[in-house]
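So you can see what is in the structure, the chains are spelled out below.
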Amino acid sequence: MDYDLDIKHAPDEGGHFGKYGGRFAAETLMQPLKEIEDAFFEAWADPEFHKERLDLLKNYVGRMTPLYHAKQLTNEVGGAQIYLKREDLNHTGAHKVNNTIGQALLARRMGKKKVIAETGAGQHGVATATVAAMFNMQCDIYMGREDIRRQAPNVFRMKLLGANVIAVDSGTGTLKDAVNEALRVWVASCEDTYYIFGTAAGPHPFPLMVRQFHTVIGQEARKQCLEQAGRLPDVAVACVGGGSNAMGLLHPLWDDESVKLVAVEAGGHGLETGEHAASLAKGQPGIIHGSLSYVLDDEEGQISADAHSISAGLDYPGVGPELAHMMDIGRLDLDSATDDEALEAFEMLTKAEGIIPALESSHALAAGIRIASTMKPEEIVLINLSGRGDKDLNTVMDKFGFDVESEDE
Amino acid sequence: MNNQLSHVFARCAKENRAALVGYLTAGDPNVQTSEKLMLALAEQVDIIEIGMPFSDPAADGPVIQAASERALAAGSHIQDVFLIAQRVREAKPEVGIVLMGYANVPYTMGFEPFAKQAKASGVDGILLVDIPAEESGICAKAFKTHDLSQIMLLAPTSTEQRIALAASIAQGFIYYVSLAGITGAEMGEVKNIQDKLSLIRQYTKLPICVGFGVKTPAQAESIATFGDGVVVGSHFVSQITSNIHDDDAMVSSLTSSASAMADAMKR
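Quick note, the sequences are listed as chains A and B, same order.
Our numbering applies: residue 117 is where the first sequence begins, and numbers increase by one.
Our numbering applies: residue 5 is where the second sequence begins, and numbers increase by one.
Check each hint, because a few of them may be wrong.
[Stated by the list, open to error] Restricting the straight-line Cα-Cα distance to at most 25 Å, the calculated cross-link-like pairs of lysine to any residue (SDA-like) are:
(1) A:K230 with B:A189
(2) A:K150 with B:L76
(3) B:K145 with A:H132
(4) B:K195 with A:S305
(5) A:K376 with A:A345
(6) A:K135 with B:K145
(7) A:K150 with B:T149
(8) B:K145 with A:D128
(9) B:K219 with A:S305
(10) A:K150 with B:E138
(11) A:K398 with B:K148
(12) B:K145 with A:Q400
(13) A:K229 with B:K219
(14) A:K135 with B:I142
(15) A:K150 with B:Q165
(16) A:K398 with B:M113
(17) A:K135 with B:T149
(18) A:K230 with B:M191
(19) A:K150 with B:G192
(20) B:K120 with A:E415
(21) A:K230 with B:E190
(22) A:K150 with B:E225
(23) A:K229 with A:F272
(24) B:K148 with A:E416
(25) A:K229 with B:G192
No lab work stands behind these hints, which were simulated from the structure alone.
These numbers were taken from a predicted model, which means no experiment stands behind them.
Okay, chain B solo, but in the shape it has when bound (with noise of 0.2 Å):
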């Protein structure tokens, strides 16, 4: 069983204070920019989730398609998405790190040799958007075998029989999406997805993290004070879609800005 993921809603249960989860594109802009920006942002959050790249994502608002445009039209390459994750452990070994995407690239490129470069390459765990716990079965084996934590997604449409089904195979923490929508959205009313995590807590003990337009240092105090965790996305990609010429800018701006969110959650 994979404990990074626990170790580090440990750390910051002890120090008072919500986890701060951070997303980006890997190879958004390019593979070499994009690894500088991880870097940067791997030393500002608590874990960071690592996008694959995809011509078709579904889930994802226009900022988020936008960076899985630029990356496969830069050229990146699943094999970069494993090195970017090689550079974050390597630079960080006690951050949380999480393959996020969906499935059709691991899948294609085969559950068990996906899983098992992804382990070699310091991952924690996967959070496939596009296999919820009915289709979970055709990949928890190699994550498994491979020691990778299944993370898996509630939303404001779950109701209690789907949330006890995926609380059930569920590991590491539980992704929250705050709104029925997709990435970049509007966030959800606090008060509702504060009952909604109430709800689930009532059929797991794993921490709960809170996802999907999170754009605001306020907008991830708020979570903090009930969530385990607050994911930030669309809004870290947007740092360097506005500085897309001038990389120094773009690690600049997206170090400020996570390093914002970090402050504002600390209860």
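Okay, chain A solo, but in the shape it has when bound (with noise of 0.2 Å):
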């Protein structure tokens, strides 16, 4: 399909997305960050790049991926029909490898010979070092030690594909302390090494970046969604750790201004118990891994250590800056989906349409089946499955207290 390359909503020349996001960053990497700033606008005006990067996107990922009409979940649910947008089915798994296609083809152009990355589910982990095979870059991934646990096949799938995988034991173990860790490592190898940064986060132009990256996502879900059902989504619906699904689903639909955007943060135990990953609902405006936006901190500006998701890839207690700045204008709603909530959706999705999603997506379904069913039949509820469930299989045997052994019996 041809893509619009426009970069629409842009931010201001600091990186500013209203009063959020800029560049916070040590003095040491402020060069290092105008130096991918200024490749990545040189190359987004190079057809060559584009031709590259959409090519493989087509022949290596699968894209365009399907936009599929959830006939069976919509009659469960009993009202707005379903519309769900396959990113489980690009290779990898989810939707962030449109993301490191597009930085590792950076890299390559910038000279960079090696490529760093943080991971918390450790889905971009995989897609980070899944292109660094690609493209024979060294690779060194950054997981904190309490998702190492959690996500142990994608741990294997890194090491099975090259890439080294470094334990983060600082702070909590999670996603924003592999964040420190490699901001830390990068602060000293910026010379040779590359950051591929995973979310619609970070300093510019990370936020901006990512979501270029990702917007072939709700590109194709908005002509395949006119294709199929001849008019527009009414709602649009994402899940949101630090964004980057979100904004690719959500961003080629801003001006289409009938279409209600929604996002959806983790609500972990309930949004009221105070350990949840609700940044935008919850949070305050902050500074954290180089730009202002919403954080879950204390009154003291201390980082929280609480935040919690079943799903290792929400439990960021940040949030993208231009989330935070289309809540301030009004162009985007908020909702949360708890640790049961997701689990149920996630069920649901497995027996109604045999199609096993990604905890993180089913944080996504469970808000979007509640928003479908208090709406019409003729009404259109389009939800990104950001990935595929592969991963979660033993945390949610665990949950519902699957043993082999009993089964057998």
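Both chains are given apart, each in its own frame, so use the hints to dock them into the complex.
Here it is, written out as structure tokens:
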């Protein structure tokens, strides 16, 4: 398909989306970030860059991904028609590879031989290790020790792909600490190393760049919805950790004023418990990992150690600055789903449609199903199925108390 | 315009030596001991950098990360940082006092009330590692209103354009990061540091202090031959780590290592 390569709703020159974003980075990183920014704008204006990128997205990743009218699920819910954007069918099993392909091409253009990345659920780590293998680049992935425990299959995948997986013990041993550690390593190695940031957050130009690499999701979905249903969706729903799949789906629909855009945050044990990862709903403006955005922190600015979600990919106390901006100006509606609601949606989709979703995406499903149930059958809810659930089977087995021994009896 | 820091550098120049700038994290290993350590350090240094503990110190190496974790685990709060600054000011009217840390702590408190209280506690300058020149507008007004110097960092990766930009807003002194890395790593090559300082001096008349990785009196001595000040952080914090259960040993170990640094820097 023909993708729109115009950069819409661009931030200002310093990377600010309204009052959010910017480049709150250590002096040592300011010039390396400027070099990435310059390389990005130069590449984005170069047809050859897009030719190679879109060819890889088509023939390596398998784009465009289908838009699937989930009729059984729609029947069970009994409301609006539910359409699923099948990012789970991408190579590596999630949307993350859209971004890592783009950034790896950029790293190669910049002459960098080595890439590093942070990862939470391991999806971004796997997507980075995958492109590093393909581009023959050395690859180090930083991952919190707690997340390594939760996501063993992805750790093994990264190792198979030739990446070094480095356990991060500092702080809480989760995604935010992996970002800190990757930043520390990058400061000392930016000469020959490119940092493939995994979400639409961090210092400028990452929020803009990651968003641009993911807008293929929303552009395709918009076109497919028009073709299949003859109209745009009434509501578009995506889960939010840092915000990469949400920006990918929702950003291309920003100017379609009739479409309600919904970001679903991880409600964890419940928004009232404090153990959740709902930065937009329950956080406050703050500065973390290079940008000003919403943050889960205490009244003295210490970042929360209680951020929690059953899905490691949403377990992050910050959020992308452009989402904060969209919320402030009223172009984004917030919703959330708890661990239990996500598990329920996980099971429901699996049984109704034979599709096992990632726990991250199950949050979008839970909210999307709830919203659809209040709407009319002639209306449409578009849900981003950002990844597949294979990586989560251990977690879900634990939760459902599945024991292979007792099944045999 | 705050002159305390320029007085400090003028005094050192008169004594023909570079200024010794010492860093400790406030509240490490606990507030009470930290106060003793800060007072002991203030006896030995010309400028004391009081670190504001932060949960996510992304520019710091393992030593100062651990210091922040200890301080927060022991219940150190931003009010303790101000209290320690005030005690140091009462004990040493002539010392320079700089608060150093990450933006989210003062941002969350509000730069205006933060600056007001810092000034009232006797603080002369503020150094926020994740507020580069481009973003400095977010706090410049509050710092100016309360007569606090906004200290800017420069690094080996800073281009001439960036040096000019930082020089145009910096006050008090320039903090030059000796290496592309985190605190406590190996110090950069002396020749490279010297060359970069010459370049920076084309853009500013402010004193330039060199930090990150200075661990031995010999390193301090070599920097002091061309720098206006030498910053020692991780090495001083290590004196806490290596005497963690003995307050008196901590204080005496800190005092002797700071005094060895100061002695080495006399030209």
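Numbers of the earlier hints that this structure fails to satisfy, in rising order: Of the numbered hints given earlier, those the structure breaks are 2, 7, 11, 13, 22, listed in rising order.
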